[in-house]
Each structure stands twice: as C-alpha cells, then as structure tokens.
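Asker: Could you build the full structure based on these sequences and the hints that come with them?
Taken in order, these protein sequences are the chains called Z and R. According to UniProt numbering, the first sequence holds residues 1 to 292 in order. According to UniProt numbering, the second sequence holds residues 1 to 143 in order.
It should be emphasised that the hints constitute simulated quantities derived from the structure, not laboratory data.
Below, a list of computed lysine-lysine pairs in the DSSO-like style, where the Cα atoms sit at most 27 Å apart:
1) Z:Lys127 - R:Lys17
2) Z:Lys121 - Z:Lys194
3) Z:Lys121 - R:Lys17
4) R:Lys30 - Z:Lys121
5) Z:Lys56 - Z:Lys269
6) Z:Lys127 - Z:Lys56
7) Z:Lys81 - Z:Lys56
8) Z:Lys269 - R:Lys17
9) R:Lys17 - Z:Lys56
10) Z:Lys121 - Z:Lys56
11) Z:Lys269 - Z:Lys192
12) Z:Lys269 - Z:Lys121
13) Z:Lys81 - Z:Lys269
14) Z:Lys287 - Z:Lys192
15) Z:Lys286 - Z:Lys241
The chain contents come next:
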Amino acid sequence: MSTQQQEPESQESPQDPEMKGTESPQQRRLREKQEGMVEDQAEKEAEVEGETVHLKVFRYDPEIADKQEPRFDDFHVPFEKGMTVLDAVMYARDEFDSSLTFRHSCRQAVCGSDAFFVNGKQRLGCKTQISDLQQPVRIEPLPYQEVVKDLVVDMDHFYDQMHAVEPYFQNDDTPDSSDLEEQRQSRENREKVKMSTRCIWCGACMSSCNIAAGDNEYLGPAAINKAYKFAMDDREPEDVKEHRLRIMEQEHGVWRCQTQFSCTNVCPKDIPLTEHIQELKREAVKKNLKFW
Amino acid sequence: MSQSYNRGLIEDFGRWKEFSAGMWAWIFHKFTGWMLIGYLFTHIAVLSSAIAAANGETMMIAGEQVNAYTGTIQGLEGLFIIRVLEVGLLAVAVFHILNGIRLLMVDLGVGLTAQDRSFYASLVLTGVITVASVPTFLSGVGL
Numbered sequence: 001m002s003t004q005q006q007e008p009e010s011q012e013s014p015q016d017p018e019m020k021g022t023e024s025p026q027q028r029r030l031r032e033k034q035e036g037m038v039e040d041q042a043e044k045e046a047e048v049e050g051e052t053v054h055l056k057v058f059r060y061d062p063e064i065a066d067k068q069e070p071r072f073d074d075f076h077v078p079f080e081k082g083m084t085v086l087d088a089v090m091y092a093r094d095e096f097d098s099s100l101t102f103r104h105s106c107r108q109a110v111c112g113s114d115a116f117f118v119n120g121k122q123r124l125g126c127k128t129q130i131s132d133l134q135q136p137v138r139i140e141p142l143p144y145q146e147v148v149k150d151l152v153v154d155m156d157h158f159y160d161q162m163h164a165v166e167p168y169f170q171n172d173d174t175p176d177s178s179d180l181e182e183q184r185q186s187r188e189n190r191e192k193v194k195m196s197t198r199c200i201w202c203g204a205c206m207s208s209c210n211i212a213a214g215d216n217e218y219l220g221p222a223a224i225n226k227a228y229k230f231a232m233d234d235r236e237p238e239d240v241k242e243h244r245l246r247i248m249e250q251e252h253g254v255w256r257c258q259t260q261f262s263c264t265n266v267c268p269k270d271i272p273l274t275e276h277i278q279e280l281k282r283e284a285v286k287k288n289l290k291f292w
Numbered sequence: 001m002s003q004s005y006n007r008g009l010i011e012d013f014g015r016w017k018e019f020s021a022g023m024w025a026w027i028f029h030k031f032t033g034w035m036l037i038g039y040l041f042t043h044i045a046v047l048s049s050a051i052a053a054a055n056g057e058t059m060m061i062a063g064e065q066v067n068a069y070t071g072t073i074q075g076l077e078g079l080f081i082i083r084v085l086e087v088g089l090l091a092v093a094v095f096h097i098l099n100g101i102r103l104l105m106v107d108l109g110v111g112l113t114a115q116d117r118s119f120y121a122s123l124v125l126t127g128v129i130t131v132a133s134v135p136t137f138l139s140g141v142g143l
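Answerer: In structure tokens, the structure reads:
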C-alpha cells in the first residue's frame with residue numbers, strides 16, 4: 001500500500017523547469033484537442049448552415065426584467081433524422097440559451113412531463129417528430145394553465161382534479177393476509193379498462209378541453225378517465241362503484257362533457273377519453289333508473 | 001412561484017383554422033340551436049295573428065279583403081327576404097336534426113371512431129337538402 005501511495009507524487013511534475021519554453025507532450029495534446037474542437041465547432045456551424053429546424057419558443061420569466069413580457073424566441077437547430085420536438089428544445093437549451101426552461105424526464109412518452117402546445121395542438125414533445133411538423137415549429141406551454149416560466153405550467157389544478165376522483169382501489173373485504181390470496185382481475189375486465197390505464201398524467205387532454213377552460217370545477221377528461229378505470233373494475237364492490245358514480249354525476253362531473261372529441265384527438269397515449277366519459281354517463285343514468 | 005402568467009383564452013375563435021371536426025360540430029350545434037329558439041319566437045308572433053283573425057279583424061292583401069291570419073302569412077310569403085330566410089331556417093333545422101342523431105349515436109357509444117366522418121356527412125347532407133329545397137321555397141315570389 002505504501003508504495004502505491006507514493007506513485008502519484010512521482011507523476012506530479014508536469015511543469016519541470018527544464019521543460020519550460022518547449023512544449024510538453026500534454027500541452028501539445030491539449031493544443032491539438034483545442035484545434036480539433038475549433039474544427040468541430042466550424043463543422044457544427046456548417047451543419048447549422050445546412051438543414052435546420054426553425055423553432056419559435058414561448059418565453060416568459062417573472063424574475064427577469066426583459067422576459068416579464070411574454071415573447072417568442074427563434075432558434076435554428078440542426079436537423080437530425082428522427083429528431084423530436086423535445087430533442088430540438090434540448091439542443092436549443094444546451095447550445096444556445098441555457099435559461100430555456102421546460103419539464104422533461106424519460107424521453108419515451110412514459111413520464112408525461114413534456115406536453116407542449118406545438119403548432120396549435122397539445123402534443124408530447126418526446127413523441128412528436130419534427131419531420132411531421134410544418135416550420136416554423138411554434139412551441140408554447142399548455143393553454144389554460146398558468147405559465148410559471150417559459151414552457152413550464154402550473155399543474156396543481158390538474159393534479160387536484162385527478163385526486164378528486166379517489167384514484168385508488170377501494171375494497172373493504174380484502175382477502176386475509178394469512179392465506180396470501182391475490183385479488184385477481186378477470187382477463188375480460190382487464191381488457192375493458194386496458195386503455196384507461198395508459199394515462200401518464202401529462203395534462204394534454206385537460207388543456208385541449210374547451211369546457212375545462214371555461215369551468216374551473218369541471219373534473220376534466222383525465223380525471224374522469226381515472227374514475228372510469230376504477231368504476232369499471234369488477235373487483236370493487238357495488239357500493240363503491242355507486243359512490244364513484246355519485247361523484248361522477250355531480251354538476252361538474254361527466255355531464256359537462258359536450259363530446260367535442262378534443263381530448264381524444266390530442267391524447268398521446270390514444271386513450272378513447274370521450275368514449276369512457278360517455279360510458280360513465282350511461283352508467284350514471286342506469287344507476288338512477290334503478291330507483292324509479 | 002411568486003408570479004405566474006395567465007395566457008387567457010388560447011383556443012378562441014381566432015384559432016378557428018385549427019379547430020377539429022368535433023369542435024366545429026359543437027359550435028354549429030350551439031349556433032343552430034340558438035337560431036331555432038329565435039325562430040320559435042317569430043313563429044309564435046306570426047301565429048298569434050290567428051287571435052286577431054278570430055276577433056274578426058281583416059286586412060287588404062293584393063286588393064283582396066282577407067282575415068288577419070291569412071293576410072299576415074300571405075304578406076310575409078310575398079317578401080323575397082322571407083323566402084331566403086326560410087331556406088336558411090331549413091338548413092339550420094336539418095343540420096340540427098342530423099347532428100342531433102350523430103350526438104345520439106355518440107351518447108349511445110355507437111361509432112365513436114367515425115364521429116368526424118359523421119359530422120362531415122351531416123354537413124354534406126344538409127347542403128344537398130338545402131339546395132334541393134331552393135326551387136320549392138323560391139317559387140312564385142314577387143321580386
């Protein structure tokens with residue numbers, strides 16, 4: 001051990017007095033690297049000269065004087081095959097303006113953080129190919145949500161609505177923990193709720209909904225879809241389902257939906273939201289007819 | 001997050017070029033619904049001339065002495081603008097009926113994937129029926 005500890009000391013002498021004036025191998029390598037980088041830079045700029053993507057990105061920051069008034073910034077990002085909107089804004093942030101702010105995480109349409117308003121439609125940044133879009137690509141934060149900074153919106157209201165429908169499995173007579181029994185769902189029932197389980201909480205549907213924009217109390221497509229998932233689950237007892245339908249049929253529940261199909265059109269996971277809302281409407285009516 | 005920016009109504013009518021089929025169907029359905037309610041009031045007003053007719057009131061239409069009800073209707077039908085409005089009323093009513101059937105299907109969960117096509121179909125059908133009705137509505141009108 002002791003010999004090993006001494007080794008670094010012997011290596012620690014790159015600036016020997018006799019080496020001064022001439023170039024050490026390390027310095028030469030550094031210089032070459034520097035020159036290479038300059039060349040790379042030039043190459044990169046040449047690429048920018050080539051095929052670029054013109055982005056118009058919404059900018060707003062309450063803490064910086066010249067960004068307090070919302071504006072659009074232009075970015076010209078080199079195009080690459082398979083480039084998504086998220087890739088493009090990440091390039092713009094990394095290369096041009098590090099203050100450009102947006103949420104993103106998994107980059108594979110699972111986390112649901114990067115829903116933007118791209119060219120007038122709510123889309124998931126990581127799932128939208130630049131080549132499918134008309135240029136300039138206009139990227140804005142989700143409409144009908146307060147903008148916190150640049151492309152970041154306040155999702156609190158959306159999450160409140162999601163939690164309002166009690167999005168968790170409720171069953172009083174769970175099997176005894178001693179017999180380690182599972183609560184199995186039938187294949188048919190699983191198939192029925194399959195699409196509704198795909199929700200990634202990105203908020204695109206809520207943002208596209210004309211009704212949710214005007215009625216702040218409306219649960220919105222995502223929350224109703226979540227309620228659908230549990231209301232249609234056979235394993236929950238009848239009284240829990242009734243309780244769920246009672247939440248759904250309130251004034252700002254399913255009946256606010258006017259079947260514009262906006263949410264279904266924008267959902268990045270292709271959930272048939274309108275269909276689910278309509279089915280809950282029918283269930284609510286059926287439940288009420290029973291008491292007549 | 002001391003401050004945030006409210007962008008207000010983004011998807012207002014300024015963006016009409018980007019509206020989807022379902023959105024247009026909703027707007028047209030609202031519009032035609034209000035038009036039909038408006039027509040209901042004029043309809044009641046015209047029909048109420050039957051009360052005057054029952055009281056024996058008469059009026060002169062084209063040099064003829066007729067009762068108030070017949071006179072009112074004949075007088076209105078003699079106007080070109082009324083004939084045009086009638087064609088418009090038919091278009092509005094037909095669209096509202098056809099889109100109403102479409103919405104009924106949507107409520108029943110039938111053909112939800114074809115909702116945009118059924119909207120276009122109801123638009124085209126409305127157009128065809130309206131054009132076909134023009135000769136009937138505009139015959140014998142004194143311009």
